[in-house]
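Sequence lines, in order, name chains G and B.
For what it's worth, my numbering labels the leading residue of the first sequence as 1, then goes sequentially.
For what it's worth, my numbering labels the leading residue of the second sequence as 1, then goes sequentially.
Don't read these hints as lab results, they were simulated from the structure.
There may be inaccurate statements among the hints.
To be verified - Dumping the calculated DSS-like pairs for lysine-lysine here, alpha-carbon to alpha-carbon at most 25 Å:
id: 1; chain 1: G; residue 1: Lys42; chain 2: B; residue 2: Lys116
id: 2; chain 1: B; residue 1: Lys180; chain 2: G; residue 2: Lys102
id: 3; chain 1: G; residue 1: Lys102; chain 2: G; residue 2: Lys149
id: 4; chain 1: G; residue 1: Lys102; chain 2: B; residue 2: Lys76
id: 5; chain 1: B; residue 1: Lys44; chain 2: B; residue 2: Lys78
id: 6; chain 1: B; residue 1: Lys141; chain 2: G; residue 2: Lys149
id: 7; chain 1: B; residue 1: Lys20; chain 2: G; residue 2: Lys149
id: 8; chain 1: B; residue 1: Lys43; chain 2: B; residue 2: Lys78
id: 9; chain 1: B; residue 1: Lys116; chain 2: G; residue 2: Lys135
id: 10; chain 1: G; residue 1: Lys102; chain 2: B; residue 2: Lys78
id: 11; chain 1: B; residue 1: Lys44; chain 2: G; residue 2: Lys102
id: 12; chain 1: B; residue 1: Lys49; chain 2: G; residue 2: Lys149
id: 13; chain 1: B; residue 1: Lys49; chain 2: G; residue 2: Lys102
id: 14; chain 1: G; residue 1: Lys149; chain 2: B; residue 2: Lys43
id: 15; chain 1: G; residue 1: Lys149; chain 2: G; residue 2: Lys135
id: 16; chain 1: G; residue 1: Lys149; chain 2: B; residue 2: Lys44
id: 17; chain 1: G; residue 1: Lys102; chain 2: B; residue 2: Lys141
What the hints assert, rightly or not - Which residues of chain G face chain B? A few of them, derived with a C-beta cut under 7 Å, are:
id: 18; residue: Pro83
id: 19; residue: Ile86
id: 20; residue: Val117
id: 21; residue: Ile155
id: 22; residue: Gly162
id: 23; residue: Ile164
Said to hold, decoys possible - The following label-pair restraints were derived from C-beta to C-beta distances:
id: 24; chain 1: B; residue 1: Ile147; chain 2: G; residue 2: Leu89; range: 29 to 37 Å
id: 25; chain 1: B; residue 1: Leu80; chain 2: G; residue 2: Phe70; range: 23 to 31 Å
id: 26; chain 1: B; residue 1: Leu12; chain 2: G; residue 2: Leu89; range: 21 to 29 Å
Positions of the beta carbon are idealized from the N, C-alpha and C atoms, including for glycine.
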Amino acid sequence: MLNILYIFLYIGAISFGGGWTVVGLIKDILINQNYLTFIEFKEILAAAQITPGPIAVNMATYVGYKYYGFIGAILTTFFLLLPPIIIILFFQMLKKSIKLKKESFVNSLALGTAVLVFITLYSLGAQFLINFDIKAIIIVFVIFILLIKTRIDPIFFIVGSGLIGVLIL
Amino acid sequence: MKNFVLKNRELLSIFYIFIKISGFTIGGGYAMIPAIERNLINKKLITEKEFFNTLSIAQSMPGPIAFNLAILLGMKIKGLWGAFFASFGVIIPPFFGILIVASIIQNYSDSLYVQKFLDGCYIATVGLTLYVLYKILRNLKFNIINIPLLFFGMATLIINRNLTFFVFLFLVLINYFYEKGRKLNC
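Construct the entire structure; sequences and hints are all you get.
Pasting the structure below:
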């Protein structure tokens, strides 16, 4: 039990960049330590994609539940999320004593973020360009333009795009 | 009860927004970013500039991006209680969702329609991510060194994904000290 909590604490503490970086990390660690088989991993990934919310949270909940039931699920999820909670509270307390040039700092973080988002976009979407998947590329750009031009809630785009997928893919 | 609702209108509205977004956004963290942005800005709980500044901070911390964003935004709008309600809103749907879905996933994943629906959702996620990138670039103040840094970072990460955190740290520090130094000079 302690070992599995430690694993999720560790994943929570080093998973910079979010999303698919975390998935790779979870896969390596949990499969190497025999907590999951590769087939199980793929099933959870599929489940995580049709379940709402962050994928890392889905994974932590599932593994905790599999080994230690409902309490286990709560504990693994909590330990995964503990590092960001601690960091935020820590910075909130230190905020007054650290003197950073706020504008420069925020702009620098934005620069780093742009690169992280770009690389996420690349790993999610490069396959469409490589396979020259015209339908997918058109849907991506239609959604992009609608997001800029209108104030529609993006949830509709996700569900809508799923329905279009059923009809034409 | 009515008194409580009136007093804590903003808290409940934060909780409701985050539970709704987390509950309906299929495809993980990045798909949630534009949904959070739209809902909070439409409700006038936060401005666009504040949102993207917070996003940058959320990115620079470990942990799921949607969760970090929820705590930080909750904190910004309504202090510690705001952070508490926002993060609970984000966690509840995936927590119970996975427990239910994981047990019946095999029956689902074989269905062709479910597969196609998921493929469609996936495409939408790419569109949403493109939008997030566009917004960040538009909010970025460009200078003579951060454009080359941007291309350098993108190229390095396409070649080797394992360097993600180091590249991020490198870009942030170089740009920060450059901007700081320049301001001191003038």
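Item to check | Structure versus earlier hints - violations, ascending order | outcome: 3, 19
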